[in-house]
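Student: For reference, the chains in residue letters:
Protein chains: 4
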Amino acid sequence: MQVAVVGLGSMGRAMAARLLDMGFSVRAWNRSPGRAEGLPVTPCRSAAEAARGAEVVLSSLASDEAVREVVSAPDGILAGLEPSAVHVGTSTISHELGASLARSHTERQRRYLSAPVLGRPDAAAAGRLFVFAGGDESARQQCRPVFEAIGQRTFDFPDAARANLAKIVGNLMLGGILELLGEAIVLGEKGGIEPARTVELLTETAFGCPVIEGYGKRIAAGEFEPPGFRMALGLKDVELALSAGDRLRTPLPAANVVRDHLLAALAGGLEGLDWAALTKVMRYEAGLR
Amino acid sequence: MQVAVVGLGSMGRAMAARLLDMGFSVRAWNRSPGRAEGLPVTPCRSAAEAARGAEVVLSSLASDEAVREVVSAPDGILAGLEPSAVHVGTSTISHELGASLARSHTERQRRYLSAPVLGRPDAAAAGRLFVFAGGDESARQQCRPVFEAIGQRTFDFPDAARANLAKIVGNLMLGGILELLGEAIVLGEKGGIEPARTVELLTETAFGCPVIEGYGKRIAAGEFEPPGFRMALGLKDVELALSAGDRLRTPLPAANVVRDHLLAALAGGLEGLDWAALTKVMRYEAGLR
Amino acid sequence: MQVAVVGLGSMGRAMAARLLDMGFSVRAWNRSPGRAEGLPVTPCRSAAEAARGAEVVLSSLASDEAVREVVSAPDGILAGLEPSAVHVGTSTISHELGASLARSHTERQRRYLSAPVLGRPDAAAAGRLFVFAGGDESARQQCRPVFEAIGQRTFDFPDAARANLAKIVGNLMLGGILELLGEAIVLGEKGGIEPARTVELLTETAFGCPVIEGYGKRIAAGEFEPPGFRMALGLKDVELALSAGDRLRTPLPAANVVRDHLLAALAGGLEGLDWAALTKVMRYEAGLR
Amino acid sequence: MQVAVVGLGSMGRAMAARLLDMGFSVRAWNRSPGRAEGLPVTPCRSAAEAARGAEVVLSSLASDEAVREVVSAPDGILAGLEPSAVHVGTSTISHELGASLARSHTERQRRYLSAPVLGRPDAAAAGRLFVFAGGDESARQQCRPVFEAIGQRTFDFPDAARANLAKIVGNLMLGGILELLGEAIVLGEKGGIEPARTVELLTETAFGCPVIEGYGKRIAAGEFEPPGFRMALGLKDVELALSAGDRLRTPLPAANVVRDHLLAALAGGLEGLDWAALTKVMRYEAGLR
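As given, the protein sequences belong to chains V, B, H and P, one line each in that order. Everything in the first sequence is counted per this note's numbering, starting at 1090 for the first residue and increasing by one. Everything in the second sequence is counted per this note's numbering, starting at 1090 for the first residue and increasing by one. Everything in the third sequence is counted per this note's numbering, starting at 1090 for the first residue and increasing by one. Everything in the fourth sequence is counted per this note's numbering, starting at 1090 for the first residue and increasing by one.
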């Protein structure tokens, strides 16, 4: 099966590598050149060229703006996408843009799935992502081999907007847990309980899950470099949740708290750290320097 | 071993029953009579009488006020506690009162442990509680058989205040997770994702832990009766966290959010429901009736 | 002096009427026709046509999107704006768009001022607005007669972005005061103090200013119709503040609280009311129905 | 008229001095001696002794705890208060304690008014306080000459609890305005508007009231020493509001924000400053050092 990968950031590269491992033939394009080096892909000069001839086009881009441009530019995805193919957007984009891309593809008689993924590049490389796939049943069927190559499980949704929202909901939960871990750890520390002990108490009683264990240890140890997920991307994700809350008229007060701590972290020069470092702001606010 | 149980609420009764099962001899007192019925305990007319002759006195009471009175009254625990015995406070009390009880026992040459427990009465009856035991090493050693009878694991702390704080930290985390689940579920629902589906997405990816699974299902199903833990007790626990935050000069903004939702739930007549019903307030705020 | 007014909503019409009263000659355009009726203005078929020949072009439009389009469309303001003229944007727009409009005018060798106004249409009609004028000194000088006609006082800023930000800061303060009034009034009411009494206590001691007096009485009386300023516009303004906070890396936690109450009001069907009706949500949350 | 002043902190001293100026005969007591120096009062060895023979006993004490003790101690106010006299509590105490003092006086056939005052010691010395007087009509009548001496205006309430709540509501508003001023000033500053300019824009348009003007200038200038009202007292006042909110089941989310900033200020070593210095925390969070 011929697959195009548009966008070779760390996640796009990892997905391409996994697809190659699993026997797919991969065409690839990235805005800045050189990102395909070392991968046996067919390099292309534009997103349109990558899309031509591919049965599935996976896009992996950083922001709503990047997605809009790479889809609609004269040499963008829509310009090359075959009528029989499916464009699969794997980026975490806004609830609004998911719905809008579905419409714009339909108007051009093309097919689109939103399929944001949960997991880091190493999970992609190992085929261990979670995929939230939203769109027509037939398009989802066509892409199933691709999802099975990159992911350990696919959750299906009847349209693009809901798949994007599902990913946003997961991010909201994730950001909120960073905040809770920070409050728990800092309160404990000010009362004489070591951070690692607080994390142990939580995870070995009622709160033992991958996110709480993984981030709990990271926060307790103060290990925020190299970043697994950068502060500014964390802010983007929380903003997507708040923005969905605006459109859907849903107050999200805990998300506000996370946003404010991320803003303070960025204002304070922590932009190079993992977003779990928002707890550094909380430590400061509690007088721990 | 002779153990006294002071306070036969649902948790006190369950601990007494478990101790009897495990072969302990149990003396018991409760403010309002009749609570010992059906249990082969030695009923006593005062907390002091229950304490006399016991090697370990477990108190299980509803609030800081109740603890203060039952400890210090003329016929209270301190009036009967033997010099060789240990008073073990299992209630969730304030960080401040834990420290204060330790001092008042020491002044009277008596020994005190704070040992708040995590788990519901059915966990107590099955010996599956988590025990946060804080105080002198020797006192903790003396109580070990009791902790092993009622609990699956004991976490040790060098003093009473830290054990109380550890429990408070756990409650803070718990309340915060109810808030996050509510935000995630309501946002999803307004965008067309069924509550049970949102909970599935979370627990089967990165958030699968007993608290998130148990409460997630309860919230998705809207099952808040009979209450496992009443709204007003939930508020008390969040207030304990905020009050510890005040004393320790630690802002806890996510805890504020939980407190406000619990207050609105109580103002709105939901006092008979489980505290997870704070999500009903969140549904209302999002326009879901 | 020849002035064009682009956008004849209630504020645009009131400014046009005031300018006519003060002897200006006014050309006008509005997207939907008929809005100029009853005003002795020169009606125009496009924003470009309105702009042609005018020394000052005042735009009064509802949102960032409307401004962007009316400025840049083929028959928009920039297409007709004379090199010697000044385009004065009086709308409350984002901090970001203010800066962007300044740049896009400069690139076309045209001149732009951001001059958002504080006050309602009746203040405009009476020449009692406050004007926050930002841009080049010479452009501000050229527009001074217009500002003096519509406003009681002009505050000058060296660039457009700062004038927009000043207006946003005022709106942030305004929204925050609605929240504080609501909290004060509801807390008082639940303790047996009549709302009007609470407002009296505040305004006749240390808090007597036009905003607190005016909104305080409105909230105490529960008079939210007809709306002086609609709920959805209030939300837009608070969002502008939060969005400026994002760009400038400034947490605004009180603004979050206002936003959430406005969202709940809109979710609850209060979109036809004045934005001060966010206090109805607060009453609900406190159990007052 | 014979008046006793119990508690000679800066406010108690200023009220005593004013009463002397206005021709009252004043008896006085303070826990630590020497505070009456320089005032022609009759110094007393206990609160009971001060109360004996006085027609009005004004108490001015720092906290709920101090009030409880000085009222009920064996040589406290109730031990000396004449049946024909009125005890007037001028301290800012909890809503709960106001009601409780009214009951305890009635049980002893004594009369109590809660009359917390708004204004600083210099306002007391000039007879410019605002008095919130709550209790029986006859008791309020008897104290009228005293209120007219120290205050510019008296607001009457039918019971003690409501007078305390009215003061608490005023404090809630005050704290909230500090927060709003901080957000407005910091957001402006990060966008290039000088703090003093922001304050000018606000106070000379729609927000010109004594609190906003006074605190606005103080914050813009960064003048927090000497403190007019200390950080820890500010926290006490906001806590009284939150505690009233708990009892009355009223969420106060803006008050939470203020509380958290005050906690962070105290955690950060700013306890010697005026409570308006909570804006220093906000500056830090926005990256301004």
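Do not take every clue at face value.
Copies of the same chain are indistinguishable here, so a pair counts whether it falls within one copy or spans any two.
No farther apart than 30 Å at their CA atoms in a straight line, the calculated lysine-lysine pairs in the BS3-like style are these [stated by the list, open to error]:
1) Lys1306 / Lys1279
2) Lys1325 / Lys1369
3) Lys1369 / Lys1279
Derived from the structure by calculation, the hints contain no laboratory data.
Student: Which numbered hints are broken by the structure, listed smallest first?
Tutor: none
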